[in-house]
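Trainee: Sequences listed follow chains A and B, in order.
Take the first sequence: its letter number 50 is residue 31 in the working numbering, and every next letter is one higher.
Add 117 to the 1-based position in the second sequence for the working numbering, that's all there is to it.
Think of the hints as simulated: they come from the structure by calculation, not from any bench.
Only a predicted model underlies this, so the values are computations on that prediction, with no experimental measurement involved.
Ideal Cβ positions, reconstructed from N, Cα and C, are used throughout, including at glycine.
Be aware that one or more of the hints could be misleading.
As a list, the in silico DSS-like pairs of lysine-lysine whose alpha-carbon atoms are at most 27 Å apart [to be verified]:
#  : chain 1 : residue 1 : chain 2 : residue 2
1  : A       : 48        : B       : 203
2  : A       : 18        : B       : 276
3  : A       : 130       : B       : 214
4  : B       : 268       : A       : 18
5  : A       : -8        : A       : 19
6  : B       : 214       : B       : 268
7  : B       : 268       : A       : 19
8  : A       : 18        : A       : -8
9  : A       : 285       : B       : 276
10 : B       : 214       : A       : 160
A few chain A residues that don't get close to chain B, going by computed Cβ distances all over 12 Å [to be verified]:
#  : residue
11 : 51
12 : 91
13 : 288
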Amino acid sequence: MLSTDHLISIKELQRSDLELIFHTADEFKAVINRPIKKVPSLRDITIANLFFENSTRTKLSFELAEKRLSADVINFSSSSSSVKKGESLVDTVNNILAMKVDVVVIRHSYPGAAHFLAKEVQARIINAGDGAHEHPTQAILDAYSIREKFGTLEGVKVGIIGDIIHSRVALSNIFCLQKLGAQVVVCGPKTLIPKHIRSLGVEVSHNVDETLAWCDVAMVLRIQLERQEVSYFPSLREYRTYFGIDRQRLEKVGKDLVIMHPGPINRGVELSSDVADGPFSIILDQVENGVATRMAGLFHVSEKIRK
Amino acid sequence: MNPKIILNQTQINLIIQRLIAQIMERHPNYQNLVLIGLQPRGSIFARQLHQALQAKVGYSFPYGELDVTFHRDDFRQHSGGLIPSKTDISFLIEEKKVILIDDVLFTGRTIRSGLDALIDFGRPESVELLVLIDRNKSRQFPIEADYCGLKVDTVRSQKVKVVWQPQSEVHIFNPELDA
């Protein structure tokens, strides 16, 4: 059983929680590869997916995971809701909960939104991304994908490369990978790396070639142009020249690397198409593992609901 | 109060031989038979039975293991939480005669879950149930074993546990009295 009632941040999870989710995800991965990809575990559970921020793959992945577990699912997106009319977050969620919802999956642009909801409403909360804070289920699926490749996270060297400062994926991954015994280096232009990130116990590099030479796994992050209210680097072309990963750069490293990306990819900026679609890429494995690990997360969060 | 041993290693071995004879009696054309053990405890017994059956008949019977965690009806009532075991059925059960194997038949709820989990793998021609121990008159579902090692009369507060290490034994005890 998980040590927490909600799934809000990796920071508050124990290593044993992550290992339990991985163990259960192994069995769910087998389930979703069978002709009948569904189990009845959550047939008496109703889940609301509240996406106050745009999402394609996370939303689809959660919805599929919920349906594979036989839960009833309702979807909400802020663009077509009363939020536009000025309704508060708590009012919106309480109105939805009045329809007997047991679990809320929330994505919101404000850091701490999921934590706030967990304190204010009577439902289990799963954080699907809160601003630049955390994206725990992405970190879980990333770590699970690395574990699947290497058999363990212990001692695996992971380079997180790109826009670290705006990335909730980076923060959740740093917590998750460290809890599981991996070594982490973050790499990117000085302007895209938070000032005090070393206090989290990670190394910092501004040289992508050195980082690639060091790491076993290159976790490449998207340049989040939509969150950049000022220019953090002179041009996309310059970013690509110094930090973009293409085949030539990988050949220069001269070793097998695992390439990951949480998506969506800015092709030709942080990652070239021949690398994203190449033999070292496990990007589509990450997508498949997203469904299995989210099923496991939902299963264990729902396990604590008493009716 | 110490647990009472109701079966020892020798008796369990004899029971396995009797169960094999009953299977062969009922299925003279055994080529279509497959054996599936219920995880986690039933599969330990099922592996022993499978090995003994193969040794006796000289035929390689398909064998799989089935976990029922995701099909249980008491999900969210377990205080300790549920940890799934591995399901490993690497053959088609379509049109096969399945023998589902568990160590102890009690309320019948695990078997009900097992039947649900099983049909996710196809539509077998038939399903029979084989158990080492049948706790008589304890059923909450209309489920009975086709092959049974030993029927025991117990009260609800008693526990029946099959122990496989260091040697196979079946214990019966009352946790309330032992506390």
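Trainee: Could you work out which earlier hints the structure fails to respect and list their numbers in ascending sequence?
Mentor: Hints 2, 3, 4, 5, 7, 8, 10, 11, 13 not satisfied by this model.
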